[in-house]
Structures are given as C-alpha cells and as structure tokens.
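S.K.: Residues per chain are reported as follows:
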Amino acid sequence: MSTIRGRLIMIGILALGSALSLLPRNVTLRIPNGAGGVKDTVERRVPISLGLDLQGGIHLALEVDESKGPVPDCADAIQRAERVVRTRIDQFGTTDPVVQIQGRCRLIVELAGEKDPARAKSIIARTAFLEFRITDMQNQFQAALPQIDGVLRRAGVKSRSAAPSAVSQLFGNDTSKAAKDSAAEANTPGALSSLLFQGQLPGEFLVPEEQWQVVDSLIQRPDVKQAIPRGIDLKWGAQVESRGATSYRPLYAVESRPIITGEELQKATARRDQQTNQSIVEFVLSRRGGRKFGEETARHIQHYMAIILDGRVQGQPPIIKSQINQRGMIELGSKPLQEASDLALVLRAGALPAPLMIVEERAIGASLGEDSINDGIRAGIVGVALVILIMVGYYRLSGALAVAALTLYCLFTLAGLAAFGFTLTLPGLAGFVLSIGIAVDANVLIFERIREELVHGKSLRLAVEDGFKHAMNAIVDSNVSTALTAFILYLVGTGPVQGFAITLIIGIAASMVSAIFVVKTLFLIWLQRRPTMTTLSV
Amino acid sequence: MIRFFANANYDFIKWRRWAYGLTAVIMLVGAFDLVIRGLNYSIEFTGGTLIQIEAKTALPMGQIRQSLDNVGLHGATIQTFGSDTSYVIRARTSAEADTTGGDTVAVAASVTRAFDATAGAGNYRFERTEVVRPKVGKELQGKAFLAIILSFFVTLIYLAARFEWRFGLAAVLATAHDVLATIAFISLMHIEVSLIVVGAVLTVVGYSLNDTIIIFDRVRENLHKYRRQNLYEILNLSINETLPRSVLTHGTTIATTLALLLLAGEVIRPFAWVMSFGIFTGTFSSIYIAAPILLLIEKRWPGEDARGARALGARAPTPATPTAPAAPRGAPAPPKVPAR
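Line by line, the protein sequences are chains P and S. The first sequence: position 62 = 62 (the numbering used here), numbered continuously. Remember, the numbering used here sits 1000 above the position in the second sequence when you count from 1.
It should be emphasised that the hints constitute simulated quantities derived from the structure, not laboratory data. Among the clues, some could well be false.
[Unchecked claim] Within a straight-line C-alpha distance of at most 27 Å, the following computed DSSO-like cross-link-like pairs (lysine-lysine) qualify:
{"#": "1", "chain 1": "P", "residue 1": "K267", "chain 2": "P", "residue 2": "K121"}
{"#": "2", "chain 1": "S", "residue 1": "K1225", "chain 2": "P", "residue 2": "K469"}
{"#": "3", "chain 1": "S", "residue 1": "K1135", "chain 2": "S", "residue 2": "K1225"}
{"#": "4", "chain 1": "P", "residue 1": "K321", "chain 2": "P", "residue 2": "K335"}
{"#": "5", "chain 1": "P", "residue 1": "K121", "chain 2": "S", "residue 2": "K1135"}
{"#": "6", "chain 1": "P", "residue 1": "K292", "chain 2": "P", "residue 2": "K267"}
{"#": "7", "chain 1": "P", "residue 1": "K225", "chain 2": "P", "residue 2": "K235"}
{"#": "8", "chain 1": "P", "residue 1": "K115", "chain 2": "S", "residue 2": "K1056"}
{"#": "9", "chain 1": "P", "residue 1": "K121", "chain 2": "P", "residue 2": "K335"}
{"#": "10", "chain 1": "P", "residue 1": "K115", "chain 2": "P", "residue 2": "K335"}
{"#": "11", "chain 1": "P", "residue 1": "K458", "chain 2": "S", "residue 2": "K1056"}
{"#": "12", "chain 1": "P", "residue 1": "K335", "chain 2": "P", "residue 2": "K235"}
{"#": "13", "chain 1": "P", "residue 1": "K469", "chain 2": "P", "residue 2": "K458"}
{"#": "14", "chain 1": "P", "residue 1": "K121", "chain 2": "S", "residue 2": "K1138"}
{"#": "15", "chain 1": "P", "residue 1": "K520", "chain 2": "P", "residue 2": "K469"}
Bound conformation, chain P alone:
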C-alpha cells in the first residue's frame, strides 16, 4: 500500500507541476504605437512559445558582407553587430525578439508577429554609418576630369554620349575652365566628363538617371580611382532629382576626411517641419563631438557640408552659415515621417561595425501559421483517437490504463516544452503527433510481455511484475537509440528541425515516465483492489 501511495504522490507532484507550468500567465507584449515608440500591454496566455512558422513572423540570418572590402575578424564584427542590432530591435517594438549569434560569424534575428519584412530588414541590415564631409570646394575633381578622360581613352573606353560638349553647363552660368581645356585637348567627348553635368554647388554633378550605372562602373575602375585627386572621394546622392522631364542622380566630390562621424551622436529624433512639410531628423552630439564639430564648422563657414549615411549623400549638402556645435539636423525632403523615425532609430542605436548581408530570410504570414496550428491540432486529435481505438480495442482495460497514461504523457510533453522555454514549431507539432503513436510502444511491449508471462502460467501479480521487468531492456535500448538520433538532429539541424528534435526528445522522456511509472502504478492499484482476480484484461 505504501509503495502505491508513494507512487501516487509522485505522479500527483509531476502532474501538478506540469499543470502549473502550463497555466496561463501574464505576458507583457510590446506593440509599436506607430510613431516609432512602443507601448506595453499585458495579455494572459499559455506560456508555450510558438515558432515563427506557427504564429507568423520573420526569421533572418545575417553575415558580414565582404563584397565591399574584407573584414579581418568576422567573429568580432558579428559580436559588435549583435549589440547594435539588439538595440535597434528593442526600439523597433516586437514581442520577444530573438537576436543571437549562431556559430562564429552568423547573426540570427527572429521577429515574431512582424508583418512588414521590408521595413524590418532595412532597419536591421542598415549600416547607419553617418559622417559629415566638406564638398570639393577647390573643384579638384573637375580639374582632374580631362586626365581621367584621357585614362579612359587610353584604356579604350568610348564615350557613350553623343553630346558634343564636355562638362555641360546645365544650371548656373559660371563657365568652367577645366571643361574648355578638356574639350580643346581632344575633340572627341570625354568618356566620363560627357556624362556629368555641373551641379549647383562646388563638387556637385548631375548624371542622367539612365546613365548612372555606366558612370558608377567607370568611377569604380582602378585606373580611374588612381586618377582621382588625393583627398577626394566620389559619393552618390541618395535621392533622384527631377529637372523637367528627365531625372538626375547627383554625384558629389567630397573630401575623404570626415569632419565628424555618427559615433559622436547622442540623440536623434524625427519630426515633420510644419512650414516646409519636410521630414527631419534632429540630432544632438556628445560634448566632445560638439566641440570638435564647432571647431571644424568654424573653419568651413560658407562651405557646403555633405551628410553621408551609408555612403550616400542625404539631400543637397547645406551651406555652413555659422559655427554649429552640439545640435544639427538632417533633412529628408518629402519622405514619410516613418522613414525619418526609422533613421533616427538606427542613428541612436549606432552604426554597424561592418555591413551585413542577409543570407537567409523567412517571412510567414500570421494566417498561414494559424492554419498550420489548426491543421496540426486536427491531425493530432484524429491520431490520438485512432491510437485510443487500437489500444482499447486490443488490450481492453489495460489499454484504457495506457490511454489514461497517454493523457499524462501529453501533459508532461507540453509542460516540458513550456518549462524549458523551447519553441513549438510546425515540424515539432508533427513530431508530437508522431510521438503519440510511438509513445504507446512501451506499453505495447509491456502488455505483450505480461501476456507471455501469463501464457507461461505465472500468477497475475508475478506476470505483471515480470512483464514490466523483462520489457525494460528493450524499452530502454530502443528509446535511448531514438533519443540519440534526435539529439544529433538537434545538434546539426537549424530552426524548425531543432524544434522537431526537441519535441521528440521531450516526448521520449515523457513516454518513459508515463508508460513505465504511471501505467505500473495503475496496474498495482488495480491488483490491490481486486485481490481475487484471476484473469487480467490485457
């Protein structure tokens, strides 16, 4: 009697603990309020975290992008990037975002319930490297254009433009000496200069939108890079400008040395300017950065300053009218406020140490996830019903005991998932349904063993005792080997497959407890109640 009581207490504790860990509890949800901030709401729900394939959301794998130059230590870069991305995501406002490093050089980001993959991607993968540079005030680049054209001509690059003039005067009327020289030197139009139109300010050029890729490929050539004067870089503008019927993409010649970078940035907020109706990001620099910025801007009064974000010049470089200290702003033109607040967000969180590249992306709609859950549960119910039918039909009362243990099995498995914080994925759900079929295997083994012992003429009690004892070897060996393969699956697999492996492992553990311990207890109670019983319903 005492052993039965001890067993029942044990089962009671297990069941109670499992039920407790599955009790709905308050979960704080962060919901973006639309203006860039987040608001916290509290919701009661069962604490099993669903995988992205079940609740919808975005899974991204990012790696250091080395196409724009090698990165010496990718593990270090990813570690620093992880901190930056985490800060950005926290402000982005999703519930329980996952940001983790996988292996050495890969960053995993999971946003459950997120519906706008494009926006999430742009926020995560944006380098957000901000710098301020003075434009080419001495027109050094323009002066070097004839030489560059010469380099290209010698390399055999033909001018694609039929325009006879060299650097054309599109706006304004200050005549460029360099352009005339260039035209005089060779009567054929320069390969590069014929595509560039003088802009409104020193160092600004306009390129017809349909030609910008040609120009970009020309200025990327090593021989052309060599010919560009030292201390000058070429940067494309971020926005396309339309003048009349044609669109132009601005190209800026700027100093290589930034007067200040985004590292010194402390605060950034987005707002819409009431008068001009422009989206604006206002920023505040650190004290040290402010001092440096003050000194630099004082030296460059009446110069144009390009605001460069991730290598693209934002808007038209403004003229420095007076010394700027800690405060400044970036004008984004007619872009929506959402974009300005996203920019403010990434600027606040800091720049990525290296550009990141998305190597894997999965976005799953919430309704698809819901369908998957419903289908999975339906399959589960039908599967369980069939198993119950087979077990009770074949083993009668013993089968009913096994089915009773099966409900405990389900409880234990789900509690195991909740208690260890594992995620339930769609393959996991399939694994769970499948494991119900396998879970009764231990009982089948035991019952068959008991039947054999009975056939051998043993007494009821002894047959039950020996049946459990003799079946144990087979149960342990078979379950351990299945658990081993599941464990390897967990080690080697990713995402959904890991979810499957975990569900399988927990299921195996739970089935051993329920099939061996719980069912044996039920048998003992049964034998206790009917001491005179001579036949067993097995």
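With chain P's structure known, arrange chain S on it following the hints.
M.R.: Just chain S, lined up with the frame of chain P:
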C-alpha cells in the same frame, strides 16, 4: 481477448533471398531515377526564393506563368499548394545573381508585378517568403549528410556497448538500407527534399533502429534461454515472439502518420509521406534485412559460443550445458523451425 499472431511460427528467414531481391529492385529503380532526374532539392539546399501567395479567387495558371515570364522570371516554377487559390513560386538563385545581392528583393518585386497584372493589386497576399543564399544551402547539405553519418556512428557505439558489435553492425546496415530505400522512394515520388524531409529521414533512422533493437533484444534473451537452438531458429523464434508487438506498434504509428498525411496540411505532407514509407521499410528491414545480416555476420566472424558457425548448417556438437537451464520456470519448448 484479441490476439494477433499469438503463437505465430513463420519461417521469416527462409524468405531472405526474396527480400534481398525486392530491396535490390527498389534500390536499382530508385538509383536509376536518381541519376536520370536527380533529387528535387528545396531552395533551402539550392539557394533561391520561395514565395507563397494566397489569392482571393482561383487564377488561371497559364496566365500567371505568362505574367511571370513577362516580368523576367523565366526560370521560376509555379504550383498550386493545397488549394487552387494558393500558389507557390520557386526561383532558384543563379550564382551570378547571388554575388550582386539584389536578387532577393528583385524576385519579390517581380512576383508582385506579375500578380498585380494577373489578379489585380489587393486581390492576393504574400503568405510566406523564403530566401536562402546558395552558400547557406551548401552548408545545409553538408550538415544533413553529417547528421546521418553521425547518427550511424553513435548508434554503432551504443549498440556495441549494449549488445555486441555484431548486433550493432547488423542494425546499422539494416538502417543504412532504410535510408537508401527512403531516398529511392523520395526520388521516385519526386518529393521535394527540404530540411523537414531530412528530419523525416533521420526519424526513420531512429524508428527503424528502435524496431531492430526490439527484435535483437529478444534474440539476445533467447540466445541465453535456448542453448540448443542455432541462430537461424533463434532469429525466427524472436521475430515470431515480437510479432504481436510489431503489428500493434506499427498500427498506432501508421495511424498517427496517416492522420498527419491527410489532415496536417500541405507543409507537413512531404514529411508524412517519407515517414509512412519509412515505417514500412523500417519494419521490413528489421525482419528481412537486419536478422539475415546478423546471421551472415555470425557465419563470417563467429561469436564466442560458436553458434554462428552452425547458424545455417546442421547441428554442431551439443554445447557444454546439456539442457536449457536458463529457460524460466514453465517455459514452453521453443517452436522447432526446420533448419535448411
């Protein structure tokens, strides 16, 4: 009391050559198919873009294909997915597109344009987007292969420790047979090989081993119990004794797998197909492959009690113990199976 195969006494091992033949046919046909068509890898392994779209009304497939062609997605395949308003578009990434990096967004944008043209904007929505770079796909291929090899290795060690190496080797060979047969099945059915399907193959590995171990466990026990019988008889006896269990457990597992196959939706279906076949081949191989292979191994490298040597042949001299002392009280005489 219902009892299936209660005192079954079939000579399973006798049919081993037929089983080898059947298996060889499946594998040859599978290998032939594999060479001709190749496995249908999902974009997880090849790299590329998968987009699932749910439209409000059914759209003519030809028209969708036409508009996909119009927007420049020539290599893309389109299929309905479960219902006729659900479409899956797959575009494999070419190597050069991967280096530019802009392709992923471009494919999504192109699909948007194509569906705007066919269904009209707002009449459809993106349900699922998956983008994988070929580099990641290569890694996954390696990992999947590694997982299967590792699982063999670990099982071999575990079984060698729990039984002895002959049993371990036989179990692993039978399981390797299951993996090959399952791959042949995947190839013949043209099932898309995704991560979930690889997971299913590994589950088949676990399940098949499980099944083999149940029989081997009984063989181990019977070898101690019945000293007079040769291995051929012991194997047959053990398979027959575990037959009710096999029928029952396969019944419940097949029931749940069928439930998954029919009810759990399109995403899980390939998994369920592979599992269904795996359960079948796992059961088959435990009886017709694992046991005969054990026999062959024992014959080639006889164990300590030299019963392998007389595994197939005539009775060898009686072992030291004249009777069957290990047999439990009241144990019936083991069924006599004629040795060949």
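S.K.: Look at each hint and say if it fits the structure.
M.R.: Results for each hint:
1. Using a Cα cut-off of 27 Å, the hinted pair K267 of chain P and K121 of chain P holds, with the two alpha carbons roughly 23 Å apart.
2. With a CA separation close to 16 Å, the supplied pair K1225 of chain S and K469 of chain P stays within the 27 Å bound.
3. Distance hint between K1135 of chain S and K1225 of chain S is unfulfilled; the C-alpha atoms sit about 56 Å from each other, more than 27 Å.
4. The hinted pair formed by K321 of chain P and K335 of chain P meets the criterion: a straight-line CA distance of about 25 Å does not exceed 27 Å.
5. Using a Cα cut-off of 27 Å, the hinted pair K121 of chain P and K1135 of chain S holds, with the two alpha carbons roughly 20 Å apart.
6. Restraint check for K292 of chain P and K267 of chain P: satisfied, since their Cα atoms lie roughly 17 Å apart, inside the 27 Å limit.
7. Only pairs whose Cα atoms come within 27 Å are accepted, and K225 of chain P paired with K235 of chain P is accepted, the gap being roughly 13 Å.
8. A hinted pair counts as satisfied when its Cα atoms are at most 27 Å apart, and K115 of chain P with K1056 of chain S qualifies at roughly 19 Å.
9. Of the pairs offered as hints, the one joining K121 of chain P and K335 of chain P holds, with about 18 Å between alpha carbons and a cut-off of 27 Å not exceeded.
10. Restraint check for K115 of chain P and K335 of chain P: satisfied, since their Cα atoms lie roughly 21 Å apart, inside the 27 Å limit.
11. For the given pair, K458 of chain P sits about 67 Å from K1056 of chain S by alpha-carbon distance, which is inconsistent with the 27 Å threshold.
12. For a cut-off of 27 Å, the pair hint linking K335 of chain P to K235 of chain P stands: about 21 Å separates their Cα positions.
13. Restraint check for K469 of chain P and K458 of chain P: satisfied, since their Cα atoms lie roughly 14 Å apart, inside the 27 Å limit.
14. Restraint check for K121 of chain P and K1138 of chain S: satisfied, since their Cα atoms lie roughly 23 Å apart, inside the 27 Å limit.
15. Our distance criterion of 27 Å between C-alpha atoms is met by K520 of chain P and K469 of chain P, whose separation comes to about 11 Å.
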